[in-house]
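We have chain A already, so just place chain B on it with the hints.
Residue numbers (the numbering used here), protein chains in the order written: chain A, 1 to 89; chain B, 1 to 359.
Worth double-checking, as some hints may not be accurate.
No more than 25 Å apart at the CA atoms, straight line, and that leaves these computed lysine to any residue pairs for SDA-like [claimed, not checked]:
#1 A:Lys10 <-> B:Lys234
#2 A:Lys84 <-> B:Ala172
#3 B:Lys216 <-> A:Ala20
#4 B:Lys234 <-> B:Arg289
#5 B:Lys216 <-> A:Arg21
#6 A:Lys84 <-> B:Ile86
#7 A:Lys10 <-> B:Lys216
#8 A:Lys10 <-> B:Leu215
#9 B:Lys216 <-> A:Met75
#10 A:Lys10 <-> B:Tyr223
#11 A:Lys10 <-> B:Arg289
#12 B:Lys216 <-> A:Asp2
Honestly, the hints are just simulated from the structure, not real lab data. These numbers were taken from a predicted model, which means no experiment stands behind them.
Residues per chain are reported as follows:
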Amino acid sequence: MDPAAVPRLKPGVRFRFDRARDAWVLLAPERLFMPDEIAVEVLKLVDGTRSAALIVDELALAFKAPREVIEADVMAMLEDLCGKGALSA
Amino acid sequence: MLAAPIALIAEITHRCPLSCGYCSNPLELERASAELDTASWARVFGEAADLGVLHLHLTGGEPMSRRDLPSLVRSASETGLYTNLITSGVTLDDAALAGLIDAGIDHIQLSFQDSLAGSADMIAGYRGGHARKLAAAARITAAGLPLTANFVVHRRNLDRIGEILALGEDLAASRIEIAHVQYHGWALRNRAALMPTLAQLEAATNAVQAARERLKGRTVIDYVIPDYYGTRPKACMGGWGQRIINVSPSGLAMPCHAATSLPDLTFPSVREVSLAQIWAGSEAFRRFRAPAFAPESCRGCDRLEIDWGGCRCQAHALTGDAARADPVCVLSPDHHLVVEALHAPGRDEVIARSMTGHG
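Excised from the complex, chain A in its bound form (with noise of 0.2 Å):
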């Protein structure tokens, strides 16, 4: 993934807390995502206008990581979910 391409929900797909799981869930048409807890901090990001590049920046300092360690993480998943359907940039 290009690191100045904005990730965003494809249309019809959903992150939302689920209170009787407990968890937050990802849901897109006949799919059920259930993100880990870092995928869970990269949706939170993603709102379409943040771009990969500074989804990285702001995971780096959140979690107070070294970013090109972050980095390779950040964009497999991000490309995982635009594969599956899930994500478009």
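Okay, now just chain B, sitting in the frame of chain A:
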């Protein structure tokens, strides 16, 4: 601990203007006068959301046959449920779509019977239906709503799989579903006329694979192969009573929409019992629920927790005993029944669905 259900399939009516020969609804359809009213459905949606249901599938019959559909969508949407409308689209005009969008619909799935209008209309028994569906699909995508194009495939249309996939792509569907007919309900009557040949099936599977590669990241393609050609059964609805609650038009709750075909099972009514009680405590949901239940010949099998012995309705339809292993499995003692059905001579005539249910 029993996990919460993921999806509620609300069959809000059995009424339908189409008469597809592969209809998987039961032979005996429920009457309009027996249907749950608007307020009852709204209460059921609330109970579902509280129980942990995430996806609501509004289906039928033709759900748009209900005039209160927008109000049903609104009440579901307000509870946080993800609302999916499964429709033929033949009555989805501008006003109807605007009403659904205003009510908060998340996604619409349109069914198509073929890529060729003449054949599609013949299969559906509805003249001009295909053209109406194309128009409905264009309306949906123009409104920015995600669209699933669902194609039901079988011997009569499978040779056009390439054109069918291309149509799905032309419609700008975000998801294409290529669903082979499953032989439940009315469809079982037409098995000999609809079962694809092995050559057709293989060509279709290859075409779907190629399209998946080509459309990766743009369009999700779901592909459901006909059970009879499988060597292992599918987990029935993700496991009996594990993931899904199906509610019939009159309010009967069941683990799968074909379950009324099973004898000596009594289904609780949402008019009388809450969904939470039905899910956890009803005999109908517990009868074939793993791990307490497993078909006798499946015990000890290392695939038991993958498919749970397959489909109860198929086991019953083919062997007469719903507790046996799904005969689709090559390890089932009844697998010869499936092999015989595949080798049975094909029939030319398809018996159209009749709304009285008596054919």
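The hints, checked one at a time:
1. A:Lys10 <-> B:Lys234: violated, 30 Å
2. A:Lys84 <-> B:Ala172: Holds. A:Lys84 to B:Ala172 sits at ~17 Å (cutoff 25 Å).
3. B:Lys216 <-> A:Ala20: Violated, at about 33 Å.
4. B:Lys234 <-> B:Arg289: holds, 15 Å
5. B:Lys216 <-> A:Arg21: violated, 31 Å
6. A:Lys84 <-> B:Ile86: It holds: about 22 Å lies between the C-alpha atoms, which stays within 25 Å.
7. A:Lys10 <-> B:Lys216: Roughly 14 Å between the alpha carbons, so the hint for A:Lys10 and B:Lys216 holds.
8. A:Lys10 <-> B:Leu215: Within the cut-off at roughly 15 Å; holds.
9. B:Lys216 <-> A:Met75: holds, 18 Å
10. A:Lys10 <-> B:Tyr223: holds, 21 Å
11. A:Lys10 <-> B:Arg289: Not OK: A:Lys10 and B:Arg289 at ~36 Å, beyond 25 Å, violated.
12. B:Lys216 <-> A:Asp2: Measuring from Cα to Cα gives roughly 18 Å; hence the hint holds.
Going through the hint list in order, the structure does not satisfy hints 1, 3, 5, 11.
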